[in-house]
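Chemist: Sequence:
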Amino acid sequence: MPFQLQDLFHANQSLASLDQPCGISELDKIIKNLPIDRAPGPDGFNGMFVKKCWPIICQDYYRLAAEFYFGTLDLDPLNHSFIILVPKKSMAEVLINGVPGKNFHCKRGVRQGAELLQVIINRAYTMGLLPKPFPSDFDLNFPIVQYADDTLPYLKASGKELFTLKALLQTFQLGTSLKVNFNKSCLIPINVDEGKAQNLAAVFGCQLGSLPFTYLGLPLGTIKPKVIDFAPLVDRTERRLTSNAYFLSYGVRLTLVNSVFSSLPTYYMCTLMLPKTVIDSIDRARRHCLWRGSEVNSNKKSLAAWHKVCKPKRKGGLGVLNLSIQNQALLIKFLDKFSKKNDLPWVNLVWSSYYGNYVPHLTNLKGTFWWRDICKLMDVFRGIARCHLKSGNTCSIWYYVWADQPPLFHTMSRLCSFAQNQNASVSDFLSIEAEENCTLPLSVQAFQEFQELTSSLVDIELVNENDAWSYIWGNMKYSSQKFYALNFRAIKPPVHFLWLWKCNAVSNVKVFGWLLMMNRFNTKFMLDYKNCAPPDCDLSCVLCQSVAIEDPMHLIFLCPFAQNCWSLLGITWDTTLPLEGMFIRAKLDYQGSCFIEKFLYAAWHIWKQRNGFIFEQKIPSFITWRQKIPNW
Numbered sequence: 001m002p003f004q005l006q007d008l009f010h011a012n013q014s015l016a017s018l019d020q021p022c023g024i025s026e027l028d029k030i031i032k033n034l035p036i037d038r039a040p041g042p043d044g045f046n047g048m049f050v051k052k053c054w055p056i057i058c059q060d061y062y063r064l065a066a067e068f069y070f071g072t073l074d075l076d077p078l079n080h081s082f083i084i085l086v087p088k089k090s091m092a093e094v095l096i097n098g099v100p101g102k103n104f105h106c107k108r109g110v111r112q113g114a115e116l117l118q119v120i121i122n123r124a125y126t127m128g129l130l131p132k133p134f135p136s137d138f139d140l141n142f143p144i145v146q147y148a149d150d151t152l153p154y155l156k157a158s159g160k161e162l163f164t165l166k167a168l169l170q171t172f173q174l175g176t177s178l179k180v181n182f183n184k185s186c187l188i189p190i191n192v193d194e195g196k197a198q199n200l201a202a203v204f205g206c207q208l209g210s211l212p213f214t215y216l217g218l219p220l221g222t223i224k225p226k227v228i229d230f231a232p233l234v235d236r237t238e239r240r241l242t243s244n245a246y247f248l249s250y251g252v253r254l255t256l257v258n259s260v261f262s263s264l265p266t267y268y269m270c271t272l273m274l275p276k277t278v279i280d281s282i283d284r285a286r287r288h289c290l291w292r293g294s295e296v297n298s299n300k301k302s303l304a305a306w307h308k309v310c311k312p313k314r315k316g317g318l319g320v321l322n323l324s325i326q327n328q329a330l331l332i333k334f335l336d337k338f339s340k341k342n343d344l345p346w347v348n349l350v351w352s353s354y355y356g357n358y359v360p361h362l363t364n365l366k367g368t369f370w371w372r373d374i375c376k377l378m379d380v381f382r383g384i385a386r387c388h389l390k391s392g393n394t395c396s397i398w399y400y401v402w403a404d405q406p407p408l409f410h411t412m413s414r415l416c417s418f419a420q421n422q423n424a425s426v427s428d429f430l431s432i433e434a435e436e437n438c439t440l441p442l443s444v445q446a447f448q449e450f451q452e453l454t455s456s457l458v459d460i461e462l463v464n465e466n467d468a469w470s471y472i473w474g475n476m477k478y479s480s481q482k483f484y485a486l487n488f489r490a491i492k493p494p495v496h497f498l499w500l501w502k503c504n505a506v507s508n509v510k511v512f513g514w515l516l517m518m519n520r521f522n523t524k525f526m527l528d529y530k531n532c533a534p535p536d537c538d539l540s541c542v543l544c545q546s547v548a549i550e551d552p553m554h555l556i557f558l559c560p561f562a563q564n565c566w567s568l569l570g571i572t573w574d575t576t577l578p579l580e581g582m583f584i585r586a587k588l589d590y591q592g593s594c595f596i597e598k599f600l601y602a603a604w605h606i607w608k609q610r611n612g613f614i615f616e617q618k619i620p621s622f623i624t625w626r627q628k629i630p631n632w
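For the sequence shown, the UniProt record's numbering assigns the number 1 to the initial residue and increments by one for each residue that follows.
In case anyone wonders, no lab produced these hints; they're calculated from the structure. Take these hints with a grain of salt, some might be off.
Said to hold, decoys possible - Lysine to any residue pairs mimicking SDA-like chemistry, simulated, CA-CA at most 20 Å apart:
{"id": "1", "residue 1": "Lys315", "residue 2": "Lys333"}
{"id": "2", "residue 1": "Lys628", "residue 2": "Ser249"}
{"id": "3", "residue 1": "Lys524", "residue 2": "Trp473"}
{"id": "4", "residue 1": "Lys32", "residue 2": "Cys22"}
{"id": "5", "residue 1": "Lys337", "residue 2": "Trp473"}
As the list claims (entries may be wrong) - Computed Cβ-Cβ distance ranges for the label pairs, DEER-style:
{"id": "6", "residue 1": "Phe369", "residue 2": "Trp473", "range": "40 to 50 Å"}
{"id": "7", "residue 1": "Cys53", "residue 2": "Thr214", "range": "35 to 45 Å"}
{"id": "8", "residue 1": "Ile56", "residue 2": "Ala485", "range": "33 to 43 Å"}
{"id": "9", "residue 1": "Glu465", "residue 2": "Ala485", "range": "26 to 36 Å"}
{"id": "10", "residue 1": "Ser259", "residue 2": "Ile223", "range": "26 to 36 Å"}
{"id": "11", "residue 1": "Gln20", "residue 2": "Gly175", "range": "50 to 60 Å"}
{"id": "12", "residue 1": "Leu75", "residue 2": "Gly175", "range": "53 to 63 Å"}
{"id": "13", "residue 1": "Phe447", "residue 2": "Leu140", "range": "50 to 60 Å"}
{"id": "14", "residue 1": "Lys628", "residue 2": "Asn519", "range": "45 to 55 Å"}
Even glycine gets a Cβ: it sits at the ideal position worked out from N, Cα and C.
Given the sequences, and given the hints that come with them, work out the whole structure.
Modeler: Below is the structure:
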C-alpha cells in the first residue's frame, strides 16, 4: 500500500522549548512520578524521602535547577569527597588540616573470598618450602580449606613444615594487620604418636586436639559421627521451646515450627545423613511446640498423626517439613555433581580413588562414612535421573535409564541373564563386538532381544565428553525442592483442602479448619475416643442440650444451633454425602462469594460458643455468634 512519509511524521516547527529553563511545574511533575521503592542514590535518600519532604526541600531543588541552567552552579565538589580511596595496605591515614591523622587498623577480620593466605601458601609450595602432605594430580593448589577466617591446612607431621607455616601466617599477619591467635588454634594429629604430637603442638604454639572435632559447626572426623556428636543440634532445638509458646495460637505455632524449628537442622542435613534418633528428637520438639506449647514432658496427646502433619498443604497436610525426605533431597545434590563429573576437588578425588572407569552404582560401597551414606541414595538417584550419553562411561547399559527407554534389565531381562558382564557401562558394551558381550548360545527370546538392542545401538555415537543427566521433572538442573515434592506426587487430597489454604482467613482459623476437615479437633466424642475424658463425662452436645453425642459432624453441621447459623448465611449442607461431597455441593448451591472464608469463621465461632459454655459457663447465644461474624 503506497504512503507518504510526510503524512506519517509531522516535523516540529519549533524546538525552542528545549532551551527553556526547567519550570517549577515540570519539577513537581517529575517528583510526583518518582518511584518510591528504588535503591537510594549516592546521597543515601530514596524516592519516598524526596516525596515526603518535597514541601521542605523543593526550594533547594528549584534553585539547583536554575543555577545549573544559568551556569552559576559550582560542579567541582561532584568530583571530590573526603575519602577517595583507602589504600590496599595494612594501615591507612587521613589528612586532617594537612597533617596525617592516626592510622586506621583493620578490625573486621578476613573477608570471605579473600585469597591472600591461599596465594602466600601456594607461592611457598611452588618454591619448594612447603610440600604437599599427599600426592594429588587433579589440584595444583596446596590443600587448604578456608571459609572466611576459619582456616584448615593439611601438613605432614614435621616440625620444619610447621615452622614454615607459622612464618607464612606471620607474613600474612604483617601484610593485613590481622593478628593470628595461635592460642585458639588447634593441631589435630592423624596416625601420629602422642608424644610427637605434643612436641609439634608446642612448636606451633597451639593446643592439641583429637578427632572428631568441630569445624564450621559440623563434627569432622574419619569415623561416622555418633548420636552424641549431634547433641548441640538437639539442645539448640529444645531450647527454642520457650514458655511463651504455650500462649500462642495453633496458627502462630505452625509458623514457628516451619520457620524456626524446621530450619535449625538444615545446615547439618546439607552435608551429613542425620541418624534416625536425632531426627526423632527434633520431631519430638517440633511436635511439642505445635500441640503442647512449651510443656515438653506433658502427657497431652497430639491432635493429629505426625505423618499427616508433615504432608504439604496442597496434599492435605499442614506443610511441616519431613526431615528424612528433606535430608535425602539435600544430599542427592552430591550425586548430581558426582555423576556429571563437575570440576570439583572432591569429585575428582572420589573418581580417581575408587572408580576410574567403573559405574559407581555397580561397585561395592567404598570410601569414607560420608561417601558411603551418599552412595546409599544411588538407587533413589537412578529413579529420578536419566542419562544423556556422551562418553557413556558413567551409565550402566543394563540398569540405568538412557535413550528415552526403561532400564534394559526390565525390558530385556532374558538377554540380560546371558550378559557376560552385567556391570558393564555403555562405553564398555560398545567397545567390543556385540556378540562378545553375551554368553553363547542364546535362547530364542534372548536372540530376539539381542537383535532389538543392536538395532537401537546403531545410531549411538560416543564422544569424549562427560555424560549429561536430566531429571523426571524435565530439567537438567537438580532441585531439592522438586525432589521433595515428588515424594508426595501420588497423593490426591480432597478438593476442600486446596480451598482451605488458598482462602484469606488468618492462620489460626485455617489450622482449625484443617482439624475440622481431618475430624481431629477435641470434641467430647474425640476426647472419649482418646481415653482423655473423665469416666463420668456427659458426651451430649452443650449447644442444643440434646442427647446427641458431640462429635464434629453433629457440632458443626447437624446441631440445631449450627443449622440456624448456616441458614442465616445461606449455606445448606447435604449430610448424606461424604465430607468432600458436602463441601462441593454446598459451594455449588451457594449464591454468594467467599464461601470457604464464611464457612471457616462461622464454624470457628460455633466452636468458641461451645468452649465458652464449657470453660467459662457462658450461655450459648445466637445473637452473640452473629455479632462475631463480619457483615457479609
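Chemist: All the hints need checking, so say for each whether the structure fits it.
Modeler: To see whether the hints hold, each was checked on the structure:
A C-alpha spacing of about 25 Å is found between Lys315 and Lys333, which places the hinted pair above 20 Å, so the restraint is violated. At most 20 Å may separate the alpha-carbon atoms for a hinted pair to count; Lys628 and Ser249 meet this at roughly 18 Å. Taken as a hint, the Lys524 and Trp473 pair is broken in the structure, with Cα atoms around 46 Å apart against an allowance of 20 Å. A hinted pair counts as satisfied when its Cα atoms are at most 20 Å apart, and Lys32 with Cys22 qualifies at roughly 15 Å.
Between Lys337 and Trp473, the direct Cα distance comes to roughly 18 Å. Compliance with the 20 Å bound is thereby established for this hinted pair. Restraint check, Phe369 to Trp473: a C-beta distance of roughly 31 Å breaks the suggested window 40 to 50 Å. One distance hint, 35 to 45 Å for the beta-carbon pair Cys53 and Thr214, is violated here, with the actual separation near 51 Å. About 53 Å separates the C-beta atoms of Ile56 and Ala485, a value inconsistent with the hinted range of 33 to 43 Å.
Checked against the hint of 26 to 36 Å, the C-beta distance between Glu465 and Ala485 comes to roughly 31 Å, which is consistent with it. For Ser259 paired with Ile223, a C-beta distance near 34 Å keeps the hint of 26 to 36 Å intact. Between Gln20 and Gly175 the Cβ separation comes to about 59 Å, which falls inside the hinted range of 50 to 60 Å. Separated by about 40 Å at the C-beta atoms, Leu75 and Gly175 break the suggested range of 53 to 63 Å.
In this structure, Phe447 and Leu140 meet the distance hint of 50 to 60 Å, their C-beta atoms being roughly 52 Å apart. A beta carbon spacing of about 24 Å between Lys628 and Asn519 contradicts the range 45 to 55 Å that was offered as a hint.
Taken one by one, the earlier hints fail for this structure at numbers 1, 3, 6, 7, 8, 12 and 14, listed in ascending order.
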